[in-house]
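Undergrad: Just so you know, the sequences run in chain order A and B.
Oh and the first sequence: position 398 is 398 in the working numbering, straight run, nothing missing.
Going from the second sequence to the working numbering is simple: count from 1 and add 1000.
Derived from the structure by calculation, the hints contain no laboratory data.
Any given hint could turn out to be false.
Said to hold, decoys possible - Sample of chain B residues with no beta-carbon within 10 Å of chain A, all distances over it, derived:
hint, residue
1, K1002
2, L1005
3, K1006
4, W1008
5, P1016
6, K1020
7, M1065
8, T1096
9, N1133
10, V1222
To be verified - Residues from chain A that face chain B, not an exhaustive set, calculated with beta carbons under 7 Å:
hint, residue
11, E54
12, A129
13, G241
Stated by the list, open to error - Listed below are the simulated DSS-like cross-link pairs for lysine-lysine, each with C-alpha atoms no more than 27 Å apart in a straight line:
hint, chain 1, residue 1, chain 2, residue 2
14, B, K1020, A, K304
15, A, K556, B, K1047
16, A, K367, B, K1047
17, A, K546, B, K1147
18, A, K304, A, K253
The beta-carbon is built from N, C-alpha and C at its ideal position, and this holds for glycine as well.
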Amino acid sequence: MKLDAKIPEGAIADKWTKYKATIPLVNPANKRHIEVIVVGTGLAGAAAAATLGEMGYKVKAFCFQDSPRRAHSIAAQGGINAAKNYSNDGDSVHRLFYDTIKGGDYRSREANVHRLAEVSTAIIDQCVAQGVPFAREYGGLLDNRSFGGVQVSRTFYARGQTGQQLLLGAYSALSRQIGRKQVDMFSRHEMLDVVIIDGKARGIIARNLVTGEIERHFGHAVVLATGGYGNVFFLSTNAMGSNVTSIWKAHKKGALFGNPCFTQIHPTCIPVSGDHQSKLTLMSESLRNDGRIWVPKKQNDTRKAVDIPEEERDYYLERRYPAFGNLVPRDIASRAAKERCDAGYGVGTSKMAVYLDFSDSINRLGKKVIEARYGNLFEIYEKITGEDPYTMPMRIYPAVHYTMGGLWVDYNLMTTIPGLYATGECNFSDHGANRLGASALMQGLADGYFVLPITIGEFLSKDIQTKAIPTDHPEFEKAEREVKEKISRMMSINGTQPVDHFHKQLGKVIWEYCGMSRSAEGLQKAKKMVQEIRADFWKNVRVPGKADGMNPELEKALRVADFIELGELMIDDAYSRNESCGGHFREEYQTEDGEALRDDNNYAYVSAWEYKGENEQSVLHKEELIFENVKLVQRSYK
Amino acid sequence: MKITLKVWRQQNGKTPGEFKTYQLNDVSEDMSFLEMFDILNDDLVRKQDEPVAFDHDCREGICGMCSMYINGRAHGPMTGTTTCQLHMRHFKDGDTIVVEPWRATAFPIIKDLMVDRSAFDRVIQAGGFVSVNTGNAVDANSVPIPKQDADKAFDAAACIGCGACVATCKNASAMLFVSAKVSQLALLPQGQPERHIRVKKMVEIMDAEGFGNCTNTGACEVECPKEISLENIARMNRDYLVANIAD
Ligand SMILES: Cc1cc2nc3c(=O)[nH]c(=O)nc-3n(C[C@H](O)[C@H](O)[C@H](O)COP(=O)(O)OP(=O)(O)OC[C@H]3O[C@@H](n4cnc5c(N)ncnc54)[C@H](O)[C@@H]3O)c2cc1C
Ligand code: SF4
Ligand code: FES
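Assemble the whole structure, with the sequences as input and the hints as a guide.
TA: Below, the structure written as structure tokens:
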């Protein structure tokens, strides 16, 4: 299979403008007859559904929560980047483009990233127009902060609730279109398969989570915006329901999966406290602006943090990376924390934590300023741990946070299945092997508001003659039958172990062998273990209750079955990439001082995996990455 | 800790429900309230029983999905705290805890502790937005907004749409929720053109959805996990009055 990214001709700075000007349009009279399915109503999906509705398409939108306002995007704390240069610190579209390519360790596609940087400014304008209450300065203008991996202040924020405010903005735009009957909203629905007719995506099979009914929905095109799959690790900062099901089903129907092993481990999360733990909580990266990270200089130091004098503290990030200090990119900060803890310098009862200390900033700026900046985060921390971060340093440890991998898409955000699109975190996206902070919100809204609604015209303009396909078409029947069979197979196992049992096992294996550091040997071992978990799951899982009604255990079981299959592909992917880049750290490939060692001669490509069938080895395809506008250098933050 | 749970069980909206009692012997102080329910459910599945259905997603106090009525209080005993952020260290060994769903005509029960809050969505659809299409916006800094106004708008915008205000109100009124959205937009220049029509439409749908009247008891403000202020209700009442006089 030859992968064609469909990158437009021309200089990097002109591509998008020229492409937009020449893309075929669908006239308003025709739009009324064209139906688009949008699965997922987080930032990417809500923005896309609202905008497509405004343009006049007939939209059907789906989410599994009880309301589109609750998508996982709501939990984003820190902020959203845009090349506005309001801080007058030399920022520009080119600099944002460059930072993103470099931050991603040169594993993303130049043309897409440049477009992202270009539309970033319009996002802020759009959100402000919707009434999103971003933080402001006393003069009434918008305030900015800086984030890891960059040296300018380009991050817009709304206290520690940026994702919430942006999502509520997108939700309000979506609600307006629902009110106008341009968008038909299906909450508490879970997509369980995509329907392909004559080689094109023409609909989905969804389960009504309240009644348990399996429904068929037609669309001229299908847009997936279903978020990331970090929950493959069981413990992650993702919401409990975040899953891989929609993109995994698309993958099994022929959509290639890009860079599945590229996951982001976030350096500042509240450490695990016990076996009962159901999820991990992020402490926004913005904290690294004013907090200093340290561990004791002595191994197994059991003194309280306040009792350890200044000269006996090791501010290891400032020591190793003087230029960026506490603001190095996430992958580097995470690995450095793991390195210290593995070497015996960790703190807290588990010894798997480091300190994030605000005492210097509180002394310098006063408690009031720190409270205004991070008050809600400090509160969350105190609620969970019972400790007061104003008086004692936070304990933090890395946790799974984001998945750079996802469905492979071309410049139009179309997957390898014609008519099937992937937007937001669920595509393999613009972040290469590591995402910079505050760039996921930017990408989700860029895709949803400004890119997809335009690029989808390319496909739909050729489809204006196509009449809505009735859902009694044999392909709909077949897809529905397969879904129903899978559900009844699952329900009839009637084994002994609840779903979580398998999910926890899977998570442990992936975290251990395909997490912060990986090795060929470990990965081979892990592959066998995951296969065993899969066999065990299909023999011993117990799904109680009935399929024809609300059944959260069944929902979980369906998701976990897909996570297990995905786990194996992640392992294959990590095994095949014999280099270290960004979040992918292969122990065999590191410099003398323990930094990631990239291999641009052999691995400057996107891995795009093709599904070959149950128990068949997936096949690797490569999209070579061509860098014409940035020079590939070893990433250095020293 | 040993905890006794009395949990409301109801198969669906059509069948009557009842309390069932469960004994948990090994609850850790560090657990969240929902993690305790995870353990209960794990137990129930192993015993071939049906687990308790409840809503939750982010478990970080921000999505607004979790919704338990605990010992007679929406989201439990702590102020400014959602159910998912409530930790067991606030209970004592040997405690009996009664857990019910939100109860309100406008929030019908789906199963056990899960209710249907889509009425909130319909209120927002009636007018909780600024009518601006994608691509029509002016530069974000072209309209400066005084920091105090922006901050106040933010305070109102912090509402997570959980419905605790409705559940806790003896009239099942949705005034706090609706007024939070009305206020956010009324405080910002972007919200001015539709200010009157917005408040009228949202109030109209709120009434049609079967939420009760506000009699100023203020219970909502006390139980709201985001500490949304009653001031918003006053502001909305004024706007509503002005909007109707303007007609
Ligand atoms: C704690 C936390 C903090 C973060 N902070 C930041 C930050 O400060 N800045 C930043 O840029 N990024 C941040 N991120 C990352 C960012 O929030 C996400 O990458 C982004 O919000 C994803 O948006 P999305 O629209 O792609 O998906 P989501 O918001 O995850 O939405 C997914 C949607 O798909 C639906 N869905 C999923 N599966 C199905 C299915 N099978 N059927 C039907 N519907 C389905 C869901 O209901 C939901 O509506 C953070 C992430 C976390 C976890
Ligand atoms: S006003 Fe408070 S209690 Fe009511 S929905 Fe909003 S956050 Fe929940
Ligand atoms: S689960 Fe999201 S607020 Fe409680």
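Undergrad: Hint validation: A/E54 versus chain B, beta carbon distance must be below 7 Å. Holds or violated?
TA: Holds, because the Cβ-Cβ distance from A/E54 to chain B comes to roughly 5 Å (cut-off 7 Å).
Undergrad: Keeping to a limit of 27 Å between CA atoms, is the pair of A/K556 and B/K1047 held or broken?
TA: holds, 18 Å
Undergrad: Minimum Cβ separation between B/K1002 and chain A greater than 10 Å?
TA: holds, 15 Å
Undergrad: Hey, is B/T1096 genuinely clear of chain A, shortest beta carbon separation above 10 Å?
TA: holds, 21 Å
Undergrad: Check the non-interface label on B/K1020: least C-beta distance to chain A beyond 10 Å or not.
TA: holds, 15 Å
Undergrad: Please confirm whether B/M1065 is truly not at the interface, meaning its C-beta sits more than 10 Å away from all C-beta atoms of chain A.
TA: Given that some Cβ of chain A is not farther than 10 Å from that of B/M1065, nearest at about 5 Å, it is violated.
Undergrad: Is it the case that B/K1006 keeps its Cβ farther than 10 Å from each residue Cβ in chain A?
TA: holds, 21 Å
Undergrad: Under 7 Å, Cβ to Cβ, is where A/G241 needs to be relative to chain B, so tell me if that hint holds or is violated.
TA: Constraint on A/G241 satisfied, holds at 5 Å.
Undergrad: Hey, is B/P1016 genuinely clear of chain A, shortest beta carbon separation above 10 Å?
TA: Its Cβ never comes within 10 Å of chain A, the nearest being 16 Å, so this holds.
Undergrad: Confirm or reject: B/L1005 is not an interface residue toward chain A, with every Cβ-Cβ distance exceeding 10 Å.
TA: Label holds. Min Cβ-Cβ 15 Å, cutoff 10 Å.
Undergrad: For B/V1222, is the shortest CB-to-CB distance to chain A above 10 Å, so the non-interface label stands?
TA: Label holds. Min Cβ-Cβ 18 Å, cutoff 10 Å.
Undergrad: So if I understand the rule, the pair passes when the alpha-carbon distance is 27 Å or less; does A/K367 with B/K1047 pass?
TA: The given pair, whose Cα atoms are some 51 Å apart, is violated under the 27 Å limit.
The structure does not agree with the numbered hints 7, 9, 14, 16, 17, 18 stated previously, though it agrees with the rest.
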